[in-house]
Amino acid sequence: MIRLFNTLSGQIEVLAPADASSFRMYACGPTVYDYGHIGNFRTFCHVDVLRRALLLEGLKLRHVMNITDVDDKIIRNAAQAGVPISEYTKKFERAFFEDLDALTVAHPEVIARATENISTMVRLIQRLAAQGYAYRTEDGSWYFRISRFPEYGKLSKKDLSGMADGARVDVDEYEKDSARDFALWKAPKPGEHFWQTELGPGRPGWHIECSAMAMEYLGDTLDLHAGGEDLMFPHHENEIAQSECATHHTFARHWFHVRFLLVEGRKMSKSEGNFFTLRDLLLKGYKASAIRMLLISVPYRQQLNFTFEGLAGETAAVDRLRTFHQRMMSAPRATETNRELLAETEVCLRGFRAGLENDLNTAEARAAIFDLVRAGNIAADAGAVSEENAAVILETLREFDSVFAVLEDRDSAITKFALDWAEQEGRLDQAAPEVIAQQGLSDERIQALVEERTQAKRSRNFARADQIRNDLAGKGILIEDSKDGVRWRRK
RNA sequence: GGCGCGGUACCCAAGUGGUAAGGGAGAGGUCUGCAAAACCUUUAUGCGCCGGUUCGAUUCCGGCCCGCGCCUCCA
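Per the working numbering, the first sequence starts with residue 27, numbered consecutively.
Errors might be hidden in some of the hints.
Quick list of the computed label-pair ranges, beta carbon to beta carbon [stated by the list, open to error]: (1) Arg359 to Gly339: 31 to 37 Å; (2) Leu433 to Lys116: 28 to 34 Å; (3) Leu433 to Arg162: 54 to 60 Å; (4) Asn103 to Leu433: 37 to 43 Å; (5) Ser297 to Pro459: 25 to 31 Å; (6) Ser428 to Lys509: 29 to 35 Å; (7) Asp185 to Gly84: 37 to 43 Å; (8) Arg120 to Arg359: 43 to 49 Å; (9) Gly166 to Gly299: 41 to 47 Å; (10) Ala46 to Asp256: 30 to 36 Å; (11) Ala342 to Arg120: 30 to 36 Å; (12) Lys99 to Arg162: 22 to 28 Å; (13) Ala156 to Asp185: 28 to 34 Å.
Honestly, the hints are just simulated from the structure, not real lab data.
Yeah, the Cβ is synthetic: ideal placement off N, Cα and C, and Gly gets one too.
Using the sequences and the hints, build the whole thing.
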């Protein structure tokens, strides 16, 4: 049973679906106006961890994520690029999913695009209007009347009663009744793309899309709603207001918010020069698996300080796990089962599960797995790993990886993908030279050099052997000799 | 100003009223032609500061200092 912090109640609660047949969750997705940055992906990775942990609990999932494919930035950027917004958003939506795949983030069961659900939003707004929660302004926009919803602020714990209506109204807003009232439907400005609907011409406000689509695909009450911490207010607060006023039911039973990350101790921002997209890091030669590991290793409610030193550390940590995984698959088997190791494995598995169940404490969960790595290595060094031991350890690693998803080495292919993309986009100058050099070497070429080195060693020509090894090392290829033969891998 | 989170070794970080997990980095060792990988040993009498409660506090309470986040569309 997973215990998880609920922003709404401010407490840690046991997470269970209202209806046992499926766990219904909604996670706010991206606005597809640019490439995603590592801050975005920290949130998506942690939602992915939640998703995977729920599956591990044996729950059936129905997970919906929206794609915001119309908003001010999109309209602006598409106009600048001189392309229709659909063409503009398609490009970044594709890039977004490519990035999710690189980070092994599983896709939700349902992807809901705002532009494909306009009529659902219109109906929701009409429902609100019919009950007096929405009003139309002179320019043809529709707003939500916050004063009609006394519980407004219950998620973000804001007391808005002290804020007098109309105390400070932006001059460019059309006569809203209150400064806090938010747009449900925006009348088009000249030249803007719009939908002709029963509400009049225009496009949806941002908040309404999540309410409308969440309820369309999941019903009036969700088991859980997720997003970055910044969305808590006003976005999620507004979603609650719209949804609960329309249906008079609880909108989401549990609210899950992922904290922002810092980069080198500072808030990530373009002006600070510490703003990184996933693709930036891949071109610098950092492995996708290490990035995922770093993003999820600090528990979701904790601020993560993303540093390059930390990233290098996680690269080593992932390597260590993979090396251990390989070793457990191939290590010579002892005839007798190591009871002590069996017991240690059990303790580690329990520790792993306990960590996850404890408010998704990924740091605690992964510590248990590293305990297993040590125990397994010690036993393997002593030749005391039986078939049964190996099987149980491998099963534990499988369970670990069903959540962490870092053991399979797809890094080289992902880096190659990023390089191909950079080439197409004319951004190859952003790639680190070593990365380009390494990718220029095919597996076959490396294999040939490794064999040449082995021959050189056999004839005790260590100078030549070391030269090959050093050359390859300079291109990020590591050679490891072992009793079972020579292994090589891309650093 | 309002609301919230945090300050644990060189870095990241878990954690508990009874004496500090884990990862990385560093140092020494085993192994190796040399490396790498792996393993062993080692690195906080100490958990921001000051008081208090307690047999005992890093863990509870109070005060202070510092950092961070949100407070109109940024995950």
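Now for the hints, and whether the structure bears them out:
no.: 1; hint: Arg359 to Gly339: 31 to 37 Å; verdict: holds, 33 Å
no.: 2; hint: Leu433 to Lys116: 28 to 34 Å; verdict: holds, 33 Å
no.: 3; hint: Leu433 to Arg162: 54 to 60 Å; verdict: holds, 56 Å
no.: 4; hint: Asn103 to Leu433: 37 to 43 Å; verdict: holds, 38 Å
no.: 5; hint: Ser297 to Pro459: 25 to 31 Å; verdict: holds, 28 Å
no.: 6; hint: Ser428 to Lys509: 29 to 35 Å; verdict: holds, 32 Å
no.: 7; hint: Asp185 to Gly84: 37 to 43 Å; verdict: holds, 41 Å
no.: 8; hint: Arg120 to Arg359: 43 to 49 Å; verdict: holds, 46 Å
no.: 9; hint: Gly166 to Gly299: 41 to 47 Å; verdict: holds, 42 Å
no.: 10; hint: Ala46 to Asp256: 30 to 36 Å; verdict: holds, 33 Å
no.: 11; hint: Ala342 to Arg120: 30 to 36 Å; verdict: holds, 32 Å
no.: 12; hint: Lys99 to Arg162: 22 to 28 Å; verdict: holds, 25 Å
no.: 13; hint: Ala156 to Asp185: 28 to 34 Å; verdict: holds, 29 Å
Hint compliance for this structure: no hint is broken.
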